[in-house]
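Here is how the chains run, residue by residue.
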Amino acid sequence: MPFGLLKYGLRKKHPGQHHFTPTKPLKSRYDVVIIGAGGHGCSIAYYLAKQHGITDIALIDKAYLGGGNTARNTAVIRSNYLTESGVNFYRDSVALYQGLSNEFGYNIMMENRGQLTLAHSDAAIRSFRWRAEVNQHLGVRSELVDRQTIQELVPNLNLAEDSRFPILAGLWHADGATARHDAVVWGYARGACQRGVELHQLTEAQGIEIEAGRVVGVRTNRGNIACGAVVQAVAGASSVVGKLAGIKLPIHSFPLQAMVTQPYKPVLTPHVSSPHVHVYVHQTSRGEFVIGGGSDPYPLYHTRATLDQREILSAATLELFPFLAQAKVLRQWAGTTDMTPDYSPIMGLSPVQNYYLDAGWGTWGFKATPISGKTMAELVATGKVPALIQPFELERFYRFQQVNEAGATAASH
Amino acid sequence: MLEPRLSEPRLPEPYGQWIDRTQAITFSFEGQAYSGFQGDTIASALAANDQWLLSRSFKYHRPRGLLTLAGQDANTLVQLSSDPNALADRVLITEGLLVHAQNFSGTLNRDRNAILGLLAPFLPVAFYYKAFFRPRGIWQLWARFFRKRAGLGVIDQGFKPKRFAQSHRHCDILVIGGGPAGLAASIEAAEAGADVLLVDENVALGGSLNYGDADLDETPDALPRDALIATVNQLENLEVLTGAICNGWYADNWIPVVQGEHLFKVRARQVIFATGSLEQPVVFRNNDLPGIMMSSAAMRLTQLYGVQPGRQGVVVCGSWEGYRAALALARAGVRVSGIVDFRARPDEGHVLVDQVQAAGIPIWFEHGVDQAIASVDQNHVAGLDIGPLQAGQVARDPVTRLPCDFVAMAGGYVPTYQLACQAGGRLLYDDAQAAFAIEGLPDDCWLAGSVNGVWHQGPVQADGVRAGKDALQALGMTGAGGEPVPKTSEGLNFVWPIFAHAKGKEFVDFDEDLQINDILNATREGYEHIQLVKRYSTAGMGPSQGRHSALTVARLVADATGKTVAETGVTTARPPFAAEQLAHTGGRGFFLKRHSAMHHRHIELGAEMMQSGAWFRPAFYGEAADKNACIQAEMNQVRSGVGMIDVSTLGGIEVRGVDAAEFLNRVYTGGFKKQPVGKARYALLINEAGVVLDDGVACRLQANHFYVTATTGGVDSVYRSMLKWNAQWRLKVDIANVTSAYCAINIAGPKARAVLARVAEDVDLSAEAFPYMGVRTGSLGGVPVRFIRVGFVGELGFEIHAPQQYGEALWDLLMAAGQDSGIQPFGVEAQRGLRLEKAHIIVGQDTDAMSNPFEIQMGWALSRKKAYFVGHRTLQELEQRPLTRVLAGFMIKDINTPQPLESHLVLDGNAMIGRVTSCMTSPTLNAIIGLAYVPVAFAEPGCCILIKVDGGQRVTAEIVSTPFYDPESRRQDLES
Amino acid sequence: MKLLRCPLNGLRNISEFIYGGEVHPLTDPRHQDARAWAEQVFFDDNAAGVVLEWWCHRPTSYWFIAERNTVTDQVIRTFASSELYAERVTFPRAGSGDPHA
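Residue numbers (this note's numbering), protein chains in the order written: chain P, 1 to 413; chain L, 1001 to 1976; chain D, 2001 to 2101.
Treat the hints with care, since some could be wrong.
[What the hints assert, rightly or not] Now the in silico label distances, taken between C-beta atoms and shown as ranges: (1) L:Tyr1682 with D:Arg2093: 51 to 59 Å; (2) L:Lys1865 with D:His2024: 49 to 57 Å; (3) D:Gly2010 with L:Asp1764: 20 to 28 Å; (4) L:Phe1591 with D:Val2050: 31 to 39 Å; (5) P:Gly213 with D:Gly2010: 45 to 53 Å.
No lab work stands behind these hints, which were simulated from the structure alone. Fair warning: this is a prediction, and the values are worked out from it, not measured in the lab. Built from N, CA and C at the ideal position, the CB exists for glycine as well.
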């Protein structure tokens, strides 16, 4: 029973407390500055405070809390990736997600509804089998399923054999889930602030001070702060912020658009994705259908939506669920995704000492929120790169050693 | 309290402009029959029948009724068979229309879920984040509970959509909004000769001229509506779309217009936003009861539909608009029993005060609303408690109770800013005027009318003319722009107090059932930025997207955070403006299909077709149930006799010019400079990261002319990449993608030469004259062709390329020529099997996104003597590191062993050390063969590997040298 | 949808074009150390501001260069690649004077 709600009805004065940091000036120094208060930034702050006792942290963001890609998210949580490094990483993230609401006392509304990815060609079946095999080997629930099983999992999916792109098979990921994206960042932020982390919104990093190859401070629009370490977790703005520290990155910032319909009574339980037709769909607990697809075709730092993409998403959605023709689109929007050459993130050390990177999150960032926070916190606290994220080091590109997840992302590249 | 309401007859003409009283229509709502007239919307017809209760609110299931009567609120959402979320104040009634209400349990009148309203104190803002997660995992169950209660309409899963049509419009000037400003702007522009498109969302042009009372608008120099519309109808270069909504603004004035089942995609050189204003509600306890509506809704009811908003009503206002509404209603014969005016009595008096008093309507100056009182059944307003305003609060001493069954709120306006802001306009707020203004539009967009802060007919029409002139000037069609019209100084918005009540239920956002305290508590809990308020409380996230809540929320948040409204702002307006069915943008679902020139022959021969990108290719010939047998038979036929396969989809690129060989040298890994004319060479393509992208064969037809093949799926990108390189290298070379200009057949098997010789002309096919990997030109049956002797399938074979229009003729010719030799067609599956027996790789199957040439044992395809080729530098780096994996051939002699499939893993103990990329049971070798990535240590012939197959079993395979079949490659070099 | 002005074909819908990456001066990879070469292959400016980039008009296979603001999406101008790449590029063989090697 939701006993937690009783106090709201029984007390005269609203018992709610400020979840974050009431606006106040920056101090002149912090042990750690985290640039970017999105899901990852807040997660890093949380684990630094909770697991490593480091609380002298300025968590800064040029806009509002979680206002970047976390706010614009389609919020899919899954670990059915391709590479061993990727699968291990996302598997651990999903496991952390399972207990997250209870960890920080904030309902992230995580629902394990399962995720179905559709194969419309032999090449896709091959690729899905590869993922299923690797997933199963590493303890992630994934399996190749046939048309009959697909029918049972999603009875209202269009399985007509004469449709333009007949469905041949699917990859069923029972561990797939969705959550309320805003709740994740708010829960982490609140947990961090409760432990003494200072959240400073509307605070933009404008310069990085480096001495003898080591970061010593951050200049912001609200004053300069000295610091012992910096983490940048700014997603689409990774190159821009990295440049402040003189760091070059293999990142391209592309818009990723999505749209949502009006709310309807529930008809769709799992999350359904078709890389071939370039669309993924799920129905939220509010009853709205959230629809996303491939990245925009050219880089842009503006979160505008296009009619072209709405047309592509609509046509693709109707291929899979023709009856959704009657559903109405309420709103469309975009985020700015930091895409990497191999569709894997860039985590760990940078050429600047004590300046750490949490970047290259493309279309795969939300699901990694807990594990990226935990591992980056460990790195900041100990100075050692955890084994789990070692493969994602920036240095791998200098060795021409990609960790290629091209087949397993939702992007159309 | 008032007695139960009786059905009132309609107002006499001229009221009811949009209904046709000669056409009665019967429809049903919640199983009960009602009648209305042609031209009625569902909401107006129900109102005429005294049915004001239309829906139950999202969270508390409170009774709701019409609010705007303009399709701008979500209270009127109803369920139709064709539309689970239809707007009752937009949809016209038709004979037999079945309408259902949404979101209730039991009946609409007595919704069992209304009890949730009692739980309201226990459901604080964002309550779902605050509980429902202990014990761990319990949310999964709660979610199901909430899901059933959430959502509005019920989607019909059996709905079979028909495809909605789309068309394009190009115009000089698009005018959005057919009210007085839009009419004036369109006329000005069209009279100057521009191509104008005028769009209005209502069934008729006129906008506020239709439902306003023009006589009360004290500016005599304005043109009457009928005169404006008559002029519009006469102008040939002015196209009008009514019942059409401009549903978004996109880059470069690209605007979708939805009209019925049609989507117009409009490209306008200039856009004029004459979108008017959205009237705002007044916030007080129980302001959501049916019967409480915008003053403009009351006006629409009377003017457009001839329906009385009630027997006796009160106007609540903070501007003279309320007075105009009261007088208009009184003139229509509607009983207005009072005006509650937040403002103090004007010292100097006002003509509207005199007129209202002359009409016998009492005015309570400087009063506000404490609460609305519900009727006995709780489903309608029955009275209004008002009190004097003291220090921004409504005093309860004395409280005056005004009996009424309708309330017309004239709470002020917000410009209909959405499209203008999507175009880049910024919303500014003037605290003194309590009004928004829009600025910063791009230089091909203009504002006109009340959206521009200009009110009253005369100035509004003048502003429309001004906008028309400005747009004409931007087009270069006139010299001077328009004379700016001053913004209206009359305070149309009053900073009316937001009347918080100790018992709450003062609704700020009707869609989401949010009260004042919900917003304030959100800020108290630290969600202070307007975007955080929105997301935490969900204000503005419902179907009406903040049309009636944005300003109030901004004011509350500004107050709570010590900022101005201008600093606080509102959340971003995003398309679509009105919720739009997917059917519109889904269009006709045009997905390209590509057929080869021989497509029909495959169908006639009973091929099972497969898709390869957009291409359709024969997988095999025969019934799907016999798949494996068919494929094996086709393979055997090629090995023992002769077969032919349509390979038209293969990419073909002509590279010509003095730098042709140099160009290929740079693009591909091999060497082409010394390639003799008449020879073909394997061409491997890698990218700068050293990853294998594509492969094919480069045929030197002349010293300066190469014909290069590429994979079906890769050719377009290979071609574009070639052009991009040469844009930088500027070599003297011409590159043409001729893939769809040629069709091609590969004829293979020991009898291939014999068959071909029967019909080939102008070419010597003998082994001496035409060796393996040779290229010749000649003809077949008079058709000019190129012959390439390649060995992909490992038999004597000729690939014949001809101009694509000869496809069927070529096919028929060869089938006839081969008849005596028993020729059979073979498909892609057989070809894949045959090539696997020769261990030829397929790019994209045996290579992945990281494969470099060393890993796939293609060091031989790299020229060491070239100065440069794309990717060379990277290969030099990679070569210095040990290989982590190689592609090796394996064999399982016992064909009863469970056969590994593509992507099955190779394991060493519990470690994943590789994977299978191709595998089959070979009919030729009577063994299971395949290719797999394995570590170098496992790659020597003789090594054993373990492959995990379906079901978890591990099978043992032996690494063998490749090719599996005909290792000396004698078969493709057959002499006879 | 957005319009883009192809230097060859004029103003066309953006759906007719393919984005081709940032414009970088051509270098001879043989003269770059391994790290500089890796940066050339994988790394990019990804600037928030005015950039030069390659575009291809798909129906005519015409490559050209655009100067665009990646924050506002305003295209400042488009022009033929010959403006930046005018000379024939060679990769002379080390020690050989033959420009056509």
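Problem set entry | Gly213 of chain P versus Gly2010 of chain D beta-carbon gap, inside 45 to 53 Å or not | 52 Å, holds
For this session: Evaluate the given range 49 to 57 Å for the C-beta pair formed by Lys1865 of chain L and His2024 of chain D.
Result: Once the Cβ atoms are compared, 27 Å apart, the range 49 to 57 Å for His2024 of chain D and Lys1865 of chain L is violated.
Exercise. For the pair Phe1591 of chain L and Val2050 of chain D, does the Cβ-Cβ distance stay inside 31 to 39 Å?
Worked result: Because 37 Å falls inside the window, the suggested range holds.
For this session: Indicate whether the distance between the beta carbons of Tyr1682 of chain L and Arg2093 of chain D respects the range 51 to 59 Å.
Result: Once the Cβ atoms are compared, 23 Å apart, the range 51 to 59 Å for Arg2093 of chain D and Tyr1682 of chain L is violated.
For this session: With 20 to 28 Å as the target window, see if Gly2010 of chain D and Asp1764 of chain L comply at their CB atoms.
Result: Cβ of Gly2010 of chain D to Cβ of Asp1764 of chain L: about 51 Å, so the range 20 to 28 Å is violated.
Checked against the numbered hints above, the structure violates hints 1, 2, 3; every other hint is satisfied.
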